[in-house]
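S.K.: Here the protein sequences line up with chains A and B, keeping their order. Going by numbering that gives the first Met the number 0, 162 is the number at position 163 of the first sequence; the sequence numbering is gapless. Going by numbering that gives the first Met the number 0, 161 is the number at position 162 of the second sequence; the sequence numbering is gapless.
Misleading hints may appear alongside valid ones.
As the list claims (entries may be wrong) - Calculated lysine to any residue pairs in the SDA-like style (CA-CA distance at most 20 Å, straight line): (1) B:Lys244 x A:Gly106; (2) B:Lys301 x B:Gly275; (3) B:Lys200 x B:Ile389; (4) B:Lys202 x A:Thr151; (5) B:Lys202 x A:Phe146; (6) B:Lys141 x B:Thr121; (7) B:Lys202 x A:Asp57; (8) B:Lys200 x A:Glu150; (9) B:Lys238 x A:Ile100; (10) B:Lys202 x A:Ser115; (11) B:Lys200 x A:Ala158; (12) B:Lys439 x B:Leu407; (13) B:Lys200 x A:Glu145; (14) B:Lys202 x A:Leu185; (15) B:Lys200 x A:Ile179; (16) B:Lys200 x A:Trp154; (17) A:Lys170 x A:Ala158; (18) B:Lys190 x B:Ala176.
Please keep in mind that the hints were generated in silico from the structure rather than gathered at the bench.
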Amino acid sequence: MDAPDPSTSSYYVSDDFYAALVEDFSGWQTPERAITDSALRDSCARFLAEEARLLDTDRLDDWLGLFARECIYWVPGTRDGDPRREIAIAFDDRRRLEDRIFRLQTGEAWSQRPGSRTTRMVSNIEPFSTPDPEIVMVRSNFLTVEFRAGETRSWAGWAGHRLRDMTTHWKILVKQVNLIDYDQNLRNPSIVL
Amino acid sequence: MTGLRSIDGTASGPAWDYDKLVFEDRVHRVLYTDPRIFDEEMTRIFGAVWVYLGHESQIPAPNDFVATRMGRRPLILVRDSEGVLRALYNRCTHRGSTVCREARGSAKSFQCGYHGWTFLNTGKLNGVPWPDGYADNFDDEKFNLAQVPRVESYRGFVFGTLNLDAPPLIDYLGGVAGPLDEWLDRHPGGKVVLCEANRLKFKGNWKLLYDNSADGYHVVFSHRSLLAMENRFDEDGDKGMAFYKSNPDNAPMYVRYFGNGHHFKDKRPNVEDRPGALWEIEGPHPGMEHFEASLRQRLGDKADRALDLASSEPVNINVFPNLHILGNHIQVSTPVSVDETDTTWYGTAVVDEDGDLEGTVDAINALRMRTQESFPNFGEVDDLVNFEQIQVGFQAEEDEWVYMHRGLGIPDRFQVDDDGVITGPPTDEVFMREHMREWKRLMTAEPRIAIARAV
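Use the sequences and the hints to build the structure in full.
M.R.: Rendered as structure tokens:
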């Protein structure tokens, strides 16, 4: 039997999946795991720059294409929390991420009408190895400047990307976005971070 | 409680003649734009009625505390060493600095970072550095932290008021306690615990949110993108809030006004009254197919009830001025300034102390967290931008009036029962007219405002 289509059903977000997710995102930024290979570091940096460029140029469908079929976009509302027991600022599986993009593209999402213009700075890119040789975790800092409806403001924090090496390209398994002000009241958090 | 001290803050009288600003069908824009009116609201409303301060599950054990606000007043809601709920002013009695700068925690005492004055979590001054430099007797209660003189809990919801003449909390809640009870009683043990929150804010007056809270008229317009999203795979198009489509007034839901500014939009009549009916109208959520299959396998016939616990309860229960129970959320709105408001959507989790759910409570909550993230992410953001755009529109000074007259003057449009409870169609603005009538009454009343100092 073919695996269920994660765009139309959500079987992969299971107990085991949550447990692995929490484990994968705990204590991964260790000196022993730091990747020093410059070609690999460069590849990660180019990938993150491409991702930022797609978001800054409103190519949301292409941005979705960077994700693995079974993926998570996660903006935690706590530090080191467990999404099974806590509300997140965003916790999207494949289908909900497509929902998010669909909604923004309806033209009737008033929080994005007019839409935001963004410029994303991504830096301090540090890849780390995982027990799976095909998977790397990448920490990067971001500063996203957003202009919308006459006002300019910024979002800052660090992202953790869990990437699968597809030989010729990367696929995002999980993008975790950690805002510095994750525990504060946020004004119109409707852009993709 | 001893040590009550009356405050003279309302002695100057109203800033405006509210008879010229509040009419049955409309109110003046300055209600939402004038900082003087806002300042008065902080005393005459956020000081004078029972204001929601927090939930007991945030401070379950003695010495637990959580920072909160009553209007603009910074407070520490504590369960003191004896287990007594107190709302302490987070303001050192010496120079005025806050004595607690943590959002939550556990502490038997609070020490001011400025000169080291220390207070027990009862509010009593415990000591000052080098007291021999003072001629005072520090047993004088004036050196204890101020605190809200009346703090009461209703089934875990903690409220406080400075108004010595306010009725008991249960009387203030009145009829709105009914839907609140029903909302709680659908959960095992009749209770929930708070978990983390979607924290939002907007540049607009706090009343814009309160006006919206029972508004069934805006839904298909403000939330058009969410309705489209929820139903993009559904052939019948009946997921989520689809019962608002076409004319919501033809649906069996209703809006009800209870008095004291409280109202209730009850969408439950739109949904069949049987286990599983709520779950059937849920839009897509992460993990829903996995957890549904798993719960059905584990619970058999009882799975529908478990899945309903993960589903959004179709109610909007609005307790004036700052508490909203909607879906499974406890939403709290906190005014910051005349044109800035925080609104925090606390999630709630199911607890199963008696084992009714046969070990599935964690799975139910894993699902329930995801159902609760939907509306703040894909609905509320659009409302808040619409509120901000109202605040922009209000800058047109000569265009003075804001209307809330939908339903007014149409015979038999709503019913009033013997207790004065008003029931009408879901798009009717009668609830808005009534809470504005109450607002005007409060803004022209003379509450007996006081603070207490623990002994």
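S.K.: Are the hints correct? Go through all of them and say.
M.R.: Here is how each hint holds up against the structure:
A hinted pair counts as satisfied when its Cα atoms are at most 20 Å apart, and Lys244 of chain B with Gly106 of chain A qualifies at roughly 19 Å. Of the pairs offered as hints, the one joining Lys301 of chain B and Gly275 of chain B holds, with about 9 Å between alpha carbons and a cut-off of 20 Å not exceeded. Of the pairs offered as hints, the one joining Lys200 of chain B and Ile389 of chain B holds, with about 15 Å between alpha carbons and a cut-off of 20 Å not exceeded. The hinted pair formed by Lys202 of chain B and Thr151 of chain A meets the criterion: a straight-line CA distance of about 15 Å does not exceed 20 Å.
Taken as a hint, the Lys202 of chain B and Phe146 of chain A pair is honoured in the structure, with Cα atoms around 16 Å apart against an allowance of 20 Å. As the CA atoms of Lys141 of chain B and Thr121 of chain B are separated by approximately 14 Å, the hinted pair is consistent with the 20 Å bound. A distance of roughly 26 Å separates the Cα atoms of Lys202 of chain B and Asp57 of chain A; the hinted pair therefore is violated under the 20 Å criterion. The suggested pairing of Lys200 of chain B with Glu150 of chain A holds, with an alpha-carbon distance near 16 Å, which does not exceed 20 Å.
Distance restraint check for Lys238 of chain B and Ile100 of chain A: the Cα-Cα separation of roughly 19 Å lies within the 20 Å cut-off, and the hinted pair is therefore satisfied. For the given pair, Lys202 of chain B sits about 17 Å from Ser115 of chain A by alpha-carbon distance, which is consistent with the 20 Å threshold. Restraint check for Lys200 of chain B and Ala158 of chain A: not satisfied, since their Cα atoms lie roughly 24 Å apart, outside the 20 Å limit. Between the alpha carbons of Lys439 of chain B and Leu407 of chain B the distance comes to roughly 19 Å, so the proposed pair stays at or under 20 Å and holds.
Between the alpha carbons of Lys200 of chain B and Glu145 of chain A the distance comes to roughly 17 Å, so the proposed pair stays at or under 20 Å and holds. Restraint check: the Cα-Cα separation between Lys202 of chain B and Leu185 of chain A comes to about 11 Å, which is no more than 20 Å; the hinted pair holds. Taken as a hint, the Lys200 of chain B and Ile179 of chain A pair is honoured in the structure, with Cα atoms around 17 Å apart against an allowance of 20 Å. Restraint check: the Cα-Cα separation between Lys200 of chain B and Trp154 of chain A comes to about 15 Å, which is no more than 20 Å; the hinted pair holds.
Between Lys170 of chain A and Ala158 of chain A the alpha-carbon distance is near 15 Å, which keeps this suggested pair within the 20 Å criterion. The suggested pairing of Lys190 of chain B with Ala176 of chain B holds, with an alpha-carbon distance near 14 Å, which does not exceed 20 Å.
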